[in-house]
Every structure is written in structure tokens, then in C-alpha cells.
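Novice: So the sequences go chain by chain: L and Y. Each residue of the first sequence is one higher than the last, beginning at 938 in our numbering. Each residue of the second sequence is one higher than the last, beginning at 83 in our numbering.
Because the hints were derived from the structure by calculation, they are not lab data. Hints are not guaranteed to be accurate.
Heads up, simulated DSS-like pairs for lysine-lysine below, C-alpha to C-alpha not over 27 Å straight-line [said to hold, decoys possible]:
id, chain 1, residue 1, chain 2, residue 2
1, Y, Lys317, Y, Lys329
2, L, Lys1094, Y, Lys404
3, Y, Lys329, L, Lys1244
Facing chain Y, from chain L, some residues (calculated, C-beta under 10 Å) [said to hold, decoys possible]:
id, residue
4, Ala1036
5, Ser1090
6, Ile1195
7, Pro1196
8, Ile1199
9, Gly1246
10, Asp1277
11, Asn1307
12, Ser1309
So the derived list for chain L, only partly shown, Cβ under 8 Å to chain Y, looks like this [to be verified]:
id, residue
13, Ser1040
14, Tyr1249
15, Leu1299
16, Lys1303
17, Thr1304
Heads up, the beta-carbon is just placed ideally off N, CA and C, and yes, glycines get one too.
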Amino acid sequence: MLQIYCRIAAGLVVAFFLLISLPARAVEVTEVTSPGGIKAWLVEEASIPIVSMKVAWRGGASLDPADKAGLAYLASSTMDEGAGELDSKNFQERLSDLAIQLSFDANKDSFSGSLKTLSENTEEAFRLFGLAITGPRFDDEPVERIRGQILASLNRKLSDPNSLAGRAWFELAFGDHPYAQPSEGTIDTMAAITRDDLAAFAKTRLGKDNMQIGVVGDISAKELGVLLDKTFGALPEQAGISAIPQTEPLPEAAIRIIPQDIPQSVVIFGGQGVKRDDPDYYAAYVLNYILGGGSFQSRLTEEIREKRGLVYSVYSYLYPMKAAGLQMGGFGTSNASVKDALDLVEVELLRIREQGVTKEELAAAKTYLNGSFPLSLSSNDSIADILVAMQFSNLPIDYLNDRPALINAVSEEDIKRVAQKLLDPEKLIVVVAGKPENLEAKGVGAEKN
Amino acid sequence: MSPMRPLFVFVLIFGLIFGGNPEKLFAEENIPTLFDPKVTTLDNGLQVVVLEDHRAPVVTHMVWYRAGAADEKPLKSGIAHFLEHLMFKGTKTLQPGEFSEIVAKNGGQENAFTSQDYTAYFQNVSVDKLPLFMEMEADRMANLVLTDEVVAPELKVVLEERSQRTDNNPAALFGEQFDAAQFLAHPYGTPVIGWRHEIENLTTEDALEWYNTHYAPNNAILIVAGDVDADDVFKLAEKYYGPIAEKEIPKRERVQEPPQLAKRVLEMSDKRVRQPSWRQSYLAPSARSEDQMNVRALEVLSQILGGGVTSRLYDNLVVDKKIATSAGAYYRSGSYDKSTFVLYGSPTPDSNLDDVETAIHAIIEDIVQNGVTETEIARAKNKLLADAIYARDSIRDAANILGSSLASGESIDQVVNWPKNISKVTAEDIRNAAKSVFDERQSVVGRLLPEQVKS
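Given the sequences, and given the hints that come with them, work out the whole structure.
Specialist: Printed below as a string of C-alpha cells:
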């Protein structure tokens, strides 16, 4: 009965590394170095008695062996199920008694942890976090229980059009590269992961050298310094990981159709984008906003939703990963109008490649992207995310001050040049889950059907 | 999909563990309030609520109308939600789409949403833009202009929205059938987005009639949260919203359920379902209309039954018996009319829906007979009271909690003193609440199954 319907689909699930621009009133970020040499970025905020911490380790699911895909994900789901002297029940009970929120997550490029506590329990919260990462037990009971839950979820996703289309897109785009494999694994690979794999994961993937920490809240630099050593001091100096090979998505057009008996087809499209350190990143960022990134103020929404009513939601986003950059997009539309909507996407890609954007569009994009940034600095949690994202992308600590100038420097010529480099309908990779009418599979997509 | 999950009206749950009594995180004299709102009412009836938070130079500006899908007339299901979409289509002074264009150009983010009991509009924006957005929001409270030309494509958008949220998803379709079975007469049995055959026939005139009937300052709540001073906001509200005339608003009177005397059992099979699931819902009081302590006791109970991995259901079915991959409970007190208390579970491959149902029923029977332990109560209260502190971290969540509660008929006092009332709940309150709610005759059981599987 809890039904809430929004005018437009709520935020897309996009890697949190993307949307950084500028605050009107600067947030004061301090780099804290512990006595033992561990670094963290801190924003002190004493007005609410809580502390939030986010930690990310470079690496992530793309390092999982192909036959054990989902290893990082299973580790993220079991690392809080008992550690040190506390078994699963005792560990969770301790968190629960103190109302501490602790969780882990894995995506393609990183493994991350998240901690939130009332400030009166900060020390114990950090201790439990430290136990989880340095002494996880991975006892049989919780591991099999959580594995069972993940297998049930993977099974459910076999009839979920969004999941099917997303997985197929990455397979099509990345072939044999690790980015092709799903972060959560498959039913077969999830079943193949052993306790030894999990123990080895914890020992090798989480080091001091591939770690970034962001802390926000009611805690001083001095207090944090002490806790950093206690929490992270026992981690190995270096993680035993190597970088995955740099790659690019399939450079040719492909359409794959995954037959599903549903009234609305789910369509995902995309191709070459930019990585975060690409000199064209900001131009691509502004370009994407104008194309399909800016909820109602985007060309795709105007043409496909507002004028024609073919979709509830159509969007695009940049997905800059460590080893590849993507420009992605998607929509859902009735099976009868998939072809029309897809044609409209291609028309818009061509139009922006050939004609660029107008002065007014560019100016409006810049005012939005710079003006809306303080909104993402309005809660401790979101600031902590941003602190980690900045470090993850090798941005300087005063980046928040530089950001508006970087966006404002993007010119109409930059946009056109980058559009010609990225938005090529001749190289668009498309996956459709549904029963699209009048649409044929194409290229590598046809071979896979 | 849901931008909001008010922590105290929707307490999500999982399982339990016994140990020593956890220490109380909050001493009697340190029970927090849930926010510290400043309130006034304009002469035209607009209620104005301000939450001051000076951490960042931003503000959330929301207008909530006390009109939702459950206030619709027969044959017009979906009109509340459809009008919400159409509120962006222009006024006497703004062209279609211009509202959103101005919001974006000023670095603002906006959206709107509709539930059974309310419709709300908001902008998150740099604090210096607040007057501009107040002016625009006040404008569309009184001056909406709709033409068939802009309404027609939007109707298609809403039908696509229905496909995306509901028709493409067997669990959502089942949820819709389940609500329809739970509420035979009351409009909560009709989906917020509307039945497809009724959405298809909605017209511009229907939308305008809905707008003219329900959109007025005396049927709205203005919430401003962020880097503002309450007195300044009150003055701005008077300036921009003050001139709008009040209207006679129809009394909020909905068809009420006849007494439920028979348990209803609902089973649906769909080839897209790959994991069977079970749920049972019981009619339960809402915060507006019933004894407060009974409602707060049910909130603590739902936390004990389903609040995370240390809760009773998760601990018993998932950890101990290993017959379920998930199990929990939730209770939403913040509806205008009667609500539901829901139990749910999904079996492991080695068990079935009957095993899950039997185990959950045994736990409910135990609680009705023997109550819950002091350990469980202490743990649940710690969690709920801590949530009241955590809720302060997001001005948007805070504004949503206040707005949804007020629009559902609760008082400011009920919201602010929620933690204090939670802290007063006793074991006896919980047992009495459990006895009154867990009446099999007043429940609906739902079984969602893969095709061709007999459970």
C-alpha cells in the first residue's frame, strides 16, 4: 500500500564518481594523517551528534576470477556476519544494540564500506568496522545463508528485464574483458565460491595502498587520527592486486534482443565514453547533460517523452570506469514503439554531432551543473561519498573550488568535437529485453541471439 | 521509485537474538524530539512549517496537498497522479515546460509525487532562490492552464509509467490485486496510478475539475527546510501565497470498509515469477484516528518482528530453521484511514510457502500469548530513537517525514513527540496491540507462485 508515484523516475543508479561540481559556500575538507601514516579526508560537522565514514578500496568485482564471478559481492555481503571474537549473531547484535549502521558493497572498480553511528559510540563503531575488515570469520552458517539469499536474487533476476538487458549490454560491449562479467556473478559462479576464496579476498584485496577514506560529522581530526590507526592499522601495506587491462567497448553497431513476454520493452544503449582523467571529461559531462542527463531539460526527454509521449523515462549518463569510459542511456517503451523511439535517439545523436548545441543550451547547462552542486553537500552522508569519490578519481583536495571554472571553460567547439568522437549511431550498442515490433537484431547482437 | 521512506511510518523489518539487556542509548531526560519545526497558519488557511538547518546554504521547498488517489471519484482512478504530471504544463504566465526550465536554469532540482493520501511538489535549491520558487509554486496553485494539446501526450506518458512500474512486473501486479482484496470498499483498494482502462479515459476536463476542487491554500501545507530563518519564511509565505483565495474544500469522506469477518486468500501464478513468496496483512490502526500508544506499540512490535537481521522473523526462519531466504514485517501508521500490518517471507529451495506460513504463525501466536522480552523492547527502542537522530542528517527526508505525516492527518505534536511516545511503550502495550491486530478473520493471505507449481 505504500505507493508513491513520481513525475519522473527517481535518480538513476550511476556510479557515485560522476556528479561532482561546485559549492557556493566552500566545505572545509581537511586531510588527516594518523600517527601511523594512514590518511583520510575529513569534514567536521558538530551540529548533529553523528559520524559517517565511507571507505573504498580500488579493485572491485572486475578482479574476480571468471569462474568465481561474484566473489567481491559475496565478500561484501558476509564481511559483516561475524569477525574476531564475535560470531554472526553477536556481531549483528552488537551493531543493533548501539544502532550502528555498517555495510559493505562491491562494484566493478571498487570494494567499499560504509559506517554511520551516534557520536557517543564512535569508538566502538570504528572498532567493529576494523574487526570486519581485518578479522572477518566467514563462518559456514552465515556464508551459506547469505549465499542462499544471493542465489534466490540471481534466480529472480533471470526474469527481470532491466537486469537481463544490463547484463547483456556489458557482455556485448566487453566480450572477454572482465568488465563483461556481472558484479554479482551468476548462479553457477556464485555456487563455486569457497570459504578459502573469501578468506583470500579479505587478505589480498584490502590494503592500505588502495584505500580511500572520507569521514564527516561530530569528530575532531585528532580523535580521527587515533581511530584510523586502530581501525586500519592491521591491514597489509600493499594489496595483492594488479590493474585490469585498459579496454574500449565494441566499436561497431549491434542490436541484441532478449525475448521477454512483457508489454513494455526495456532498452539500453551506449558506446564509447570518457574516463575520469580524460581531458575531455568536462566537455563530455556537459554534453551528456544536454543530451539526456538533465531530467526535463534534455533533448531526449523533450523529443521522446514531452512531444510524443513514447516513454515515462529516457535518460543518458556518463559511466567513467578505471579501465574504460562509457556513454550510456536507456528507456522503456511499448513493444510497438521501440523502433520509433530508437530512431529518435539516433536522430538526436546525429543532430548533436552535426550541429552541436546552442549558446543558450550551453549556458543553461553550466548554470545548472554549477548551481545545483551545493545540493549534494547538504547531508553528512553525501559529503562523505563525495570525499571518497574525489580521492578515488585522484582529484586534489581543493577540487571543489576548481570545479566551476573547469565546467565554465567548456566551449561550443569542445562539445561538438567530443560529440563527434563519442556519440556515433554507427557504433551504438543496443540491447532490448521485451517483444519489440519491427526490430531486427544486428551485428554481434544477432550472433548471440 | 519512492523518494521517501519516513522512518517512523514505515518501519521495515527482518529477525532476533537473545543476549543481555542492551543498555539504553537514551536516558529518560535525553529523549530527542523528532525535529524542531516552527509553524504558522496564514489567513487563507495555508499551514506553514519551517525546519531550520544551517549546515549548507540550500533549502527544500515543498507544497503538500491533502488530496491523493483515495480522494478520487469513481471511474476516475489515476486523476490525482495525472494532474500531478500536468502541473508542469504551464500557467497564465508560464508556457508548458517553462516551470522546469526555470528551475534547472537556477540550479534547482525538482519533482513531484502522489500517494493515496496526498500529492506533493518540491524544489531543492540554493537558498537565495527561495523567493523565486515560492512565487512559481504559488502561481501554479491558482493559475494552471491546460490544453488538450499538452494533455494528450502526457496521458501516453502515464500509461507508459504504468507499464514500467506495474504491468512489466508480476510482483507489482500481485501487489495491486492484494490491495484490492484487502480493501473491498475503501479506495485504498484502487492503485494510485489508476486502473489502465480508467486512465485511458481521463480528460483535460477531469484534470481541471480535480485541480479546481482540491488545489487551494487551505488544503495545502508549505514546508521549507534548510538554511533559513523561520520568521523570514513566514513573511515570504505571506507575500507569495497569502494573496491566494481560499476555497470551500469537500469534506474528506471516503467509503469505509464493512467489518471484515472472513479471511481472504489470494493466489497468483505467473511464468515470470521465479521465486515464490508469501505475505499476510492485517487491518491496523493509523496514527490519525486511533489511540496513540496502541499505534506506537505496533511500531515497536514491527521493529521487534522485522527490524533487521536481529529481529524475530529473520532470526527464526532464516537463521535458525533455514526455511526462508527472507522474512520480515512492516507497519505504516501514517495513512489517513486504516492501515495494514504486514508479515512476509520467501521460502528456500528446500521448503515451501506452507512451511513459511506455519513458522510465522507460530511466532505471532507466541507473541499474542507470551508477549515480547524486555531485551527485544530495549533493542527496538534504541534503534527507533537513533533513527530520530539520523533523520536530521537530510533536510529532504525531514521535510518528507513532516509533510507526509501532516498531510495524512497527524498533528505536529504527534510527529515531534514521536520519540518520547516510543520510549514509553511497555511490554503490556505491545501484547495488547498484538492481540488486537492479529485477528485471522481481518487478514488477507497472498501467495505468489511460479506457473505450474503447486505449493
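Novice: Does each hint hold? Answer for all of them.
Specialist: Status of each hint after checking the structure:
1. Y:Lys317 with Y:Lys329: 22 Å, holds
2. L:Lys1094 with Y:Lys404: Satisfied, since the Cα-Cα distance of roughly 22 Å is no more than 27 Å.
3. Y:Lys329 with L:Lys1244: At roughly 34 Å apart (the allowed maximum being 27 Å), L:Lys1244 and Y:Lys329 break the hint.
4. Ala1036: Result: holds, 3 Å to nearest chain Y Cβ.
5. Ser1090: At about 8 Å, which falls below the 10 Å cut-off, the nearest Cβ of chain Y leaves the hint on L:Ser1090 intact, so it holds.
6. Ile1195: Hint on L:Ile1195: violated, closest Cβ of chain Y at ~13 Å, above 10 Å.
7. Pro1196: 13 Å, violated
8. Ile1199: This hint holds: L:Ile1199 lies near chain Y, its Cβ roughly 5 Å from the closest one there, short of 10 Å.
9. Gly1246: 3 Å, holds
10. Asp1277: 12 Å, violated
11. Asn1307: With a minimum Cβ separation of about 7 Å from chain Y (threshold 10 Å), the hint on L:Asn1307 holds.
12. Ser1309: 4 Å, holds
13. Ser1040: Since chain Y brings no Cβ nearer than about 11 Å to L:Ser1040, farther than 8 Å, the hint is violated.
14. Tyr1249: At 4 Å from the nearest chain Y Cβ, L:Tyr1249 passes the 8 Å test, so the hint holds.
15. Leu1299: 12 Å, violated
16. Lys1303: Since the shortest Cβ distance to chain Y is 10 Å, the answer is violated.
17. Thr1304: 6 Å, holds
The structure does not agree with the numbered hints 3, 6, 7, 10, 13, 15 and 16 stated previously, though it agrees with the rest.
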